[in-house]
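Okay, here's what each chain looks like letter by letter:
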Amino acid sequence: MLSTLKSDFRKILTVRSTYILVVIALFLTTFFTYLGTSAVSYQEQVSGKVTEQKLPDGTTESRPDPNDPPVYVTKTERNLSKEKLISNLQEGVPVVTLFTTVVVVLFMAHEFRYNTIAYTLIAGRRRYVVLLSKLAVSATFITVVTLLAIGFTTAATFAAIGIKDLTLPAQDFNWLYIGARLLGYSLGFGLLGLAIITLVRNLTAGVAAIFVLPTLDAIAGALLSSRNIEATRVLPFSALDRISGLTRDFTPQNMPTDGITDVQRLPATVLGASFVFLLYLVALWLITWVSFLRRDAN
Amino acid sequence: MIEAQNLTKKYKKKLAVDDISFTVETGKVTGFLGPNGAGKSTTMRLMLGLDNGGGKTLFDGKRLADYAEPSKVVGILLEAKAFHPTRSARNHLKVLAAAGGIPESRVDEVLDVVGLSDVAKKGPGKFSLGMSQRLGIAAAILGKPKYLLLDEPANGLDPEGIHWLRKFLKDYADEGNAVFVSSHLLSEMSLMADNLVVIGKGKLITTGTVQSFIDAASGKSVFVRSGKLGALQKTLGASFTVSKHDNGLLVSDATTDQVGQIAFDAGLPLLELTSQSITLEDAFLEITADSQEYKTHNQSKKGGGQ
Chain A
1 MLSTLKSDFR KILTVRSTYI LVVIALFLTT FFTYLGTSAV SYQEQVSGKV
51 TEQKLPDGTT ESRPDPNDPP VYVTKTERNL SKEKLISNLQ EGVPVVTLFT
101 TVVVVLFMAH EFRYNTIAYT LIAGRRRYVV LLSKLAVSAT FITVVTLLAI
151 GFTTAATFAA IGIKDLTLPA QDFNWLYIGA RLLGYSLGFG LLGLAIITLV
201 RNLTAGVAAI FVLPTLDAIA GALLSSRNIE ATRVLPFSAL DRISGLTRDF
251 TPQNMPTDGI TDVQRLPATV LGASFVFLLY LVALWLITWV SFLRRDAN
Chain B
299 MIEAQNLTKK YKKKLAVDDI SFTVETGKVT GFLGPNGAGK STTMRLMLGL
349 DNGGGKTLFD GKRLADYAEP SKVVGILLEA KAFHPTRSAR NHLKVLAAAG
399 GIPESRVDEV LDVVGLSDVA KKGPGKFSLG MSQRLGIAAA ILGKPKYLLL
449 DEPANGLDPE GIHWLRKFLK DYADEGNAVF VSSHLLSEMS LMADNLVVIG
499 KGKLITTGTV QSFIDAASGK SVFVRSGKLG ALQKTLGASF TVSKHDNGLL
549 VSDATTDQVG QIAFDAGLPL LELTSQSITL EDAFLEITAD SQEYKTHNQS
599 KKGGGQ
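Residue numbers (this note's numbering), protein chains in the order written: chain A, 1 to 298; chain B, 299 to 604.
For the record, the hints were derived by calculation from the structure and aren't laboratory data.
Mixed in with the good hints, there may be bad ones.
Stated by the list, open to error - No more than 30 Å apart at the CA atoms, straight line, and that leaves these computed lysine-lysine pairs for BS3-like:
hint, chain 1, residue 1, chain 2, residue 2
1, B, Lys444, A, Lys6
2, A, Lys6, B, Lys468
3, B, Lys542, B, Lys526
4, B, Lys308, A, Lys6
5, B, Lys326, A, Lys6
6, B, Lys424, A, Lys6
7, B, Lys379, B, Lys308
8, B, Lys360, B, Lys468
9, B, Lys420, A, Lys6
10, B, Lys370, B, Lys444
11, B, Lys360, A, Lys6
12, A, Lys6, B, Lys419
13, B, Lys326, B, Lys354
Can you make the complete structure from the sequences, with help from the hints?
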């Protein structure tokens with residue numbers, strides 16, 4: 001097992017695409033986090049001629065005169081919301097996760113695409129050893145890159161605060177809990193991608209799946225919503241998004257629970273969403289596992 | 299010794315490998331022949347446990363997976379371009395060395411053996427087919443295995459490369475190892491192989507030495523030329539089947555000793571007396587004539603007429 005692990009680590013680290021994708025992902029997240037945090041100036045309409053119009057029912061309505069150009073002023077808001085950093089992490093980490101998942105998909109897909117799986121299976125002796133090693137290496141890689149993403153996003157946020165002279169209220173959150181949720185999201189997404197590519201064994205289909213499936217999930221979620229069923233309770237990617245949806249929990253007004261009495265319409269709790277997602281993940285991995293052990297090598 | 303026992307592989311309704319058994323002896327190069335689609339690659343994959351099917355293959359009495367370090371028992375080359383195109387040749391071999399528990403120092407040794415030291419840092423994606431084959435052979439011998447299973451290793455090699463491969467494989471076998479190699483270069487196989495395993499349409503056709511394979515296909519025949527051809531034909535016709543052939547006679551199921559003696563006893567001068575032997579290619583085409591999965595138009599017509 002140790003030699004298989006060593007070989008797999010070497011595989012993922014000796015391919016150029018690994019570094020290219022990680023660097024692009026971290027750059028994008030860092031850059032846009034900085035940009036989003038430092039954009040403290042905004043335009044606000046302060047005047048413009050307002051005309052009154054009499055409506056057919058006899059009432060009067062005030063509305064801007066479309067022929068009269070409005071007047072704007074630039075305002076500056078230097079006090080960031082308390083949840084700004086959490087919001088940045090919530091937006092930034094999933095972007096990096098998507099790239100990381102592509103790396104993991106490539107890591108497995110290349111075995112089949114370039115037929116190195118024959119060497120891997122012979123050296124590994126047992127197929128479950130090969131699969132366990134892929135899981136371990138992928139999970140380690142995802143964890144490291146997610147921690148880097150958290151670090152880069154946090155650094156970019158504080159860089160913007162420092163450079164633009166902004167104010168961020170005291171951050172008295174449970175950061176271990178927040179980190180665990182972000183890591184859980186990344187691991188969940190990545191290992192789902194690994195299961196899919198191990199099952200389909202086709203690079204194009206594997207990469208397409210990690211982009212298409214969340215979209216299908218969102219469409220299904222909308223359909224379920226019309227039937228008064230909350231997507232986070234039944235769909236895997238909706239459930240996964242619930243795990244990474246930090247601001248929903250740390251900004252109470254964002255939880256749209258007021259007045260909802262039907263439990264099916266309430267968003268799942270983080271624990272509940274984790275359970276829903278894990279059900280899908282474990283079921284998919286069971287199918288993948290049996291398939292990998294029983295099918296021909298490639 | 300490798301013992302392949304009752305290897306069977308079925309794809310849906312098609313039996314790709316049908317109960318094949320044979321042995322590969324140590325100290326010898328065993329050629330693995332068969333027409334396209336005969337099931338050679340599938341047989342090799344079954345031997346290595348890469349495909350799921352019936353039967354088993356024992357390497358010195360044990361299954362490959364029962365060895366602690368299989369890469370030190372069997373070296374394989376199943377496909378020339380089985381590598382990531384941008385991972386350098388050296389890193390490719392380091393990956394394989396790590397997986398097989400083989401010291402990294404061995405990587406540069408094998409690169410040197412196959413003559414790829416100068417391009418070790420380059421990604422093999424732009425390697426020619428011949429260079430790719432050399433890298434594949436380097437991967438196969440990385441663990442100094444006792445057994446080599448090579449599928450078409452000579453494909454794409456230049457004449458120097460083929461010469462090198464032939465010598466290398468013969469020397470490797472002479473060191474007490476077993477080499478099991480498939481190839482469509484039959485002239486090359488006749489120079490390289492000691493034994494042959496021939497399959498067609500998934501079935502075992504024959505096994506044995508190269509010479510016995512050729513003899514089985516051609517039978518014994520002698521070509522003889524004389525100034526008194528008519529008299530010679532009459533004399534030899536009393537004992538053998540004789541037919542005219544290229545200004546001479548072809549005597550079936552005879553040896554040169556027998557023909558020479560009869561002619562001498564009859565006082566007939568001979569201008570030429572040679573044992574007729576066919577090439578491995580001729581023998582292969584004859585023996586596998588009914589096992590060709592894919593035939594050209596001419597072959598089909600010829601086959602249909604036979």
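How the hints compare with the structure:
Between Lys444(B) and Lys6(A), the direct Cα distance comes to roughly 24 Å. Compliance with the 30 Å bound is thereby established for this hinted pair. About 34 Å separates the Cα atoms of Lys6(A) and Lys468(B), which puts this hinted pair outside 30 Å; it is violated. Between the alpha carbons of Lys542(B) and Lys526(B) the distance comes to roughly 13 Å, so the proposed pair stays at or under 30 Å and holds. Among the hinted pairs, Lys308(B) with Lys6(A) is inconsistent with the structure: their alpha-carbon atoms are about 36 Å apart, more than 30 Å.
Only pairs whose Cα atoms come within 30 Å are accepted, and Lys326(B) paired with Lys6(A) is rejected, the gap being roughly 35 Å. Annotation: proposed proximity of Lys424(B) to Lys6(A) holds, straight-line Cα distance about 27 Å (limit 30 Å). Taken as a hint, the Lys379(B) and Lys308(B) pair is honoured in the structure, with Cα atoms around 26 Å apart against an allowance of 30 Å. Restraint check for Lys360(B) and Lys468(B): satisfied, since their Cα atoms lie roughly 25 Å apart, inside the 30 Å limit.
Among the hinted pairs, Lys420(B) with Lys6(A) is consistent with the structure: their alpha-carbon atoms are about 22 Å apart, no more than 30 Å. Under the criterion of a C-alpha separation no larger than 30 Å, the hint pairing Lys370(B) with Lys444(B) is consistent with the structure, at around 7 Å. With a CA separation close to 26 Å, the supplied pair Lys360(B) and Lys6(A) stays within the 30 Å bound. Restraint check for Lys6(A) and Lys419(B): the C-alpha separation of about 20 Å stays at or below 30 Å, so the hint holds.
This hinted pair checks out: Lys326(B) and Lys354(B) have alpha carbons roughly 22 Å apart, not beyond 30 Å.
Hint check: violations occur at hints 2, 4 and 5; the rest are consistent with the structure.
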